[in-house]
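Modelling step: build the complete structure from the supplied sequences, incorporating the hints.
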Amino acid sequence: MLQLQLPDERRPPITPQLALRVAILGGIALTMFAIIFFRLWFLEVLSGDKYRAQANNNRIRDVAVPAPRGDIVDRNGTVLVDNRVSIAVQIDPRKLPPAGPRRRVLYQRLGAVIGETPHQIDTEVRRQHALVPYAPATIKSDASRDLYSYLFERQNEFPGVTVTRVYLRQYPHGNVGAHMFGTIGSISPGELKMLKFKGVHQGTIVGQDGIEYSYDRYLRGVDGASRVQIDSLGRATGELALRQPLQGKNLKLSIDFGLQREGEQAISGLGNGRGAFVAMDPRNGEVLALGSTPSFDPNVFAKPLTQARYKALTSPSNGSPLLDRAIRGEYPTGSTFKLITSVAGLQSGAFTPDTFIDDPGSIQIGGITFQNSGGTPHGALALREALQVSSDVFFYTLGARINNSGTQALQKWAHRLGIGRPTGIDLPGEFSGLLPTPAWRDRLFRKHLTDRPWSVGDNVNLAVGQGDLEATPIQMATAYSAVANGGRVLRPHIGLEVDDAAGRVLQTIQPGASRNIHLDPSNRQAILDGLHLAASAPGGTSADVWAGFPHQIDGKTGTAERPNQADQSWYVCYAPDPQRPLVIAVTIEEGGFGAEAAAPAARLMMSQWFGVQKKFVAGTSTTR
Amino acid sequence: MNTSPIHKREEDATAVAPRPPVLRLDWLLLLATLGLIVCSLITVGDATRDDVPGSPHYYLDRQLLFAGIGLILMFAVSRMDYSRLRELKYGLYAVTIASILLVLALGAASRGSRRSFDLAFLNFQPSELGKLLLVLALSAFVVDRIRRLRDRDTTARTMLLALIPSALVIVQPDLGSGMVYVIIAFAVLFVAGTSWKHFAVLGATFAVAITLALAVAPAAGVQVLKPYQVQRLTGFLNPSSDPQSQTYQLNQSRIAIGAGEKTGRGVSGATQTKLNFLPEHHTDFVFAVVGETYGFLGAAIVLALYALLIWRSLRILTLAKNLYGALIAGGIVAMLMFQVFVNVGMTVGIMPITGVPLPLMSYGGSSVIVTLLALGILQSVYGEARMASAFKGRALNP
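Listed in order, the protein sequences are those of chains A and B.
If you're matching positions, the first sequence starts at 5 in this note's numbering and goes up one per residue.
If you're matching positions, the second sequence starts at 6 in this note's numbering and goes up one per residue.
No lab work stands behind these hints: they were computed from the structure.
Take these hints with a grain of salt, some might be off.
[As the list claims (entries may be wrong)] Computed Cβ-Cβ distance ranges for the label pairs, DEER-style:
1. B/E92 with A/P102: 58 to 64 Å
2. B/S273 with A/S145: 35 to 41 Å
3. A/I28 with B/S273: 43 to 49 Å
4. A/E161 with B/E92: 19 to 25 Å
5. A/V67 with B/P284: 43 to 49 Å
6. B/G73 with A/R231: 52 to 58 Å
7. B/P284 with A/T19: 56 to 62 Å
8. A/G31 with B/A220: 54 to 60 Å
[Stated by the list, open to error] Where chain B lies over chain A, by a calculated footprint (3+ residues, C-beta under 8 Å):
9. 46 to 58
10. 141 to 149
Ideal Cβ placement from N, Cα and C applies to all residues, glycine included.
Structure below.
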């Protein structure tokens, strides 16, 4: 009864059935609490560190901060290539929605914003993805500030699309030097494995051609990294750490900007608009100017190139503007080769500077008649006069003599002077040309790739720079420099030194060693005399071109006959100025006689070099 | 309230027995309630500090207001005799259906899905209030038919009464509330003593229905559930399959809880919450915020409070002075249990996403106020039971 008086202790009667069911409810609750409790224990206590790492992984992004590449300046410090900051719209294919309606909608919306069709975007992404599989594809460079803000604030609406600040190469002088500089781009999987690019990370921009490629390790900076905290929409909410990017070092070239510009101007518009020039210091192989026409604006490579534009840049029908004819143009050289024939003949003892050969205007060798240009007879002449008037018969005879001596001295000396092999200039992709030898032609003949074996006529043609010979302007400039400097076959180079941002020299670039050939001084003098006469004495092939020019010039014209097109104009000359010696090689496709196009262009360049009044003086010589 | 018979009885009791007045509230239940409210305020306040630019207390202020209103209503209801609600069963049921229909109609008018009315500061969700009203109405219907409990008819009608509003809210679409309604009906029948055979049949029927809705109907071209609902329901089985989409929320929630480790990352270190990786961090996923910010310790405290709440509710069920009270208590305890387990289960990655709020913890006026009202009714059941036993005790005492 006492219990009844204590309400707290009393239970109202409940049926056993209800008790059972309440117990079941309680049991369910207990089980569920136990499950959740252990699940929590598992998540928070047992695997807590794993989830904390995932949480941090969620919020922390390391964003590469691209380093600007170093500037490229000419020998006087004139900036040839520098950088500008640009905003790029990029697509990371890995983060795109799967191909299908969602991606199509994304492309449509993005296309409407950046002004491209969805098809264009798709094509571009595919193209760049094929090229460099893991790097984001840039679909628009140079985006406006507004576009940047628009896309940046709506990153969740444009999955896979990012806007980033990038450094674009800038070429303040437009076309000038375009062929030398080359291009840059994301490192390719193949390049990643190359020793040259050791230590370079995926996605880094590296030089792909030209100077940018050759001196990439100096020009390339060290990318920085920014560790940012992002929210769920990928918006940066704060920077946690920053490693500053290091700009690449500046590269000083041996190029003289004024000469470079003058050279490009001088050859443009001559012949069929295709040609090349090289200007080189014969003392040390420093290239002072090197150019090719038609040229192009390298700024176009700063942005993704359209298919049509790339085609226009490479199409042979408009002269393959991307082709650097100075190092990749392989041509017969015409009479400019006579310098090499002279060296070969003199050094091999086939003749002396005073050996007279009669030039009746034509000659029969091996049953074939070889003629001077126009059949003009020059009478009996020795080396100097032969070079002065560019007597073909003289050199035909020489070529035949050397051939008959069986020493292959012409090929040997041409090879020593660098014909038929790369000069080793510090530009990628130099062509070797072709130095025809008996062994070469006989091998072709055995393989039925040509109709006849080597004959004396081949050597006769080679002696005047015709026949199968192919040489590049840089090879000719190197060969002439070797004669000019007394026998050092230099390795031409464009890179001069590596500077810091303030212009202080960090490192002088050592060109490869030169090759010494033995050149008898009297032989050399006789050749240079002949070249000087050609450029100055009455009857000299380029004498009228240089009329009134205040500095000494030793130069040789060349008129190369090429199948199915007009003659190619060549000129290689040497200014033996003690302070500012210079060798210039110029070639103009379909430019006619050497004195007509190439020599006047060389005069313009020499005028620039010596600071004298520039005048285009076309010569009248019709010799080859 | 002073005119209510409850008071009179109490006065009678105290008048008869000059002993300390009978405790009219279950203090432990009240403790659990207030504890959870405090936890909710702390968590919601922490989680939403950066959500509304310029007003860091936007959600906290509102949650505080909802809790205040809810507590006042709770105390008011607890002093009322719940038994009187039995007579209002038709009205209660009609209000439930009508308010849900009204929301549907408004949603149709605004060409979007709607779950709520805008009532001044409160987004009033009829489906939330419906949970409590359904408990009250269904319990009354079952009490009326208690003599025919063995009839299949009774079970079928009761289920039908629950399925109508359930179907209506699933259409809204509010799958979670629809499931709560069904659970309530189950619980009321279960506590009333419906035979196991009926439950077996019901269970089988639901299994078939779910199979039809999830598998057969879509194959036949009829979409019973919206595709995202199906994905949510099935996504938790394979959480890493589609990390950016439906299961994203589940993954982020799990990461948030796991990252809390034993004692939590603190308010400023809880990056999952702060940087919005955790979706709905003040509503459906509020438990994940507790887990991340206060770790296992914090989550365990909250779970302990729920355990206390459910234990006291079950105890009140056993104490109820009449069947109606017991059924109400059963419905409410089932409603609370279901929501707690489904919601917490979802945040820890063992239950699908169904959009069920965590009672008392999740931000939201409708949910908080309705839950507090329900707890008020439980207190009323408790109070009435104490009254009755005290009275009986007096009466039996010679």
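Status of the hints after comparison with the structure:
1. About 60 Å separates the C-beta atoms of B/E92 and A/P102, a value consistent with the hinted range of 58 to 64 Å.
2. The hint said 35 to 41 Å for the Cβ distance between B/S273 and A/S145, and at roughly 40 Å that hint holds.
3. One distance hint, 43 to 49 Å for the beta-carbon pair A/I28 and B/S273, holds here, with the actual separation near 45 Å.
4. Between A/E161 and B/E92 the C-beta distance comes to about 56 Å, which lies outside the given range of 19 to 25 Å.
5. Evaluation of the 43 to 49 Å hint for A/V67 and B/P284 yields a failure: the beta carbon distance comes to about 25 Å.
6. Between B/G73 and A/R231 the Cβ separation comes to about 44 Å, which falls outside the hinted range of 52 to 58 Å.
7. In this structure the supplied range 56 to 62 Å is violated for B/P284 paired with A/T19, their Cβ-Cβ distance being about 46 Å.
8. In this structure, A/G31 and B/A220 break the distance hint of 54 to 60 Å, their C-beta atoms being roughly 31 Å apart.
9. Residues of the stretch 46 to 58 of chain A lying with their CB closer than 8 Å to a CB of chain B number 10, which satisfies the three-residue condition for coverage.
10. Given as covered by chain B, the stretch 141 to 149 of chain A fails the check, having 0 residues with a CB less than 8 Å from a CB of that chain where 3 are the minimum.
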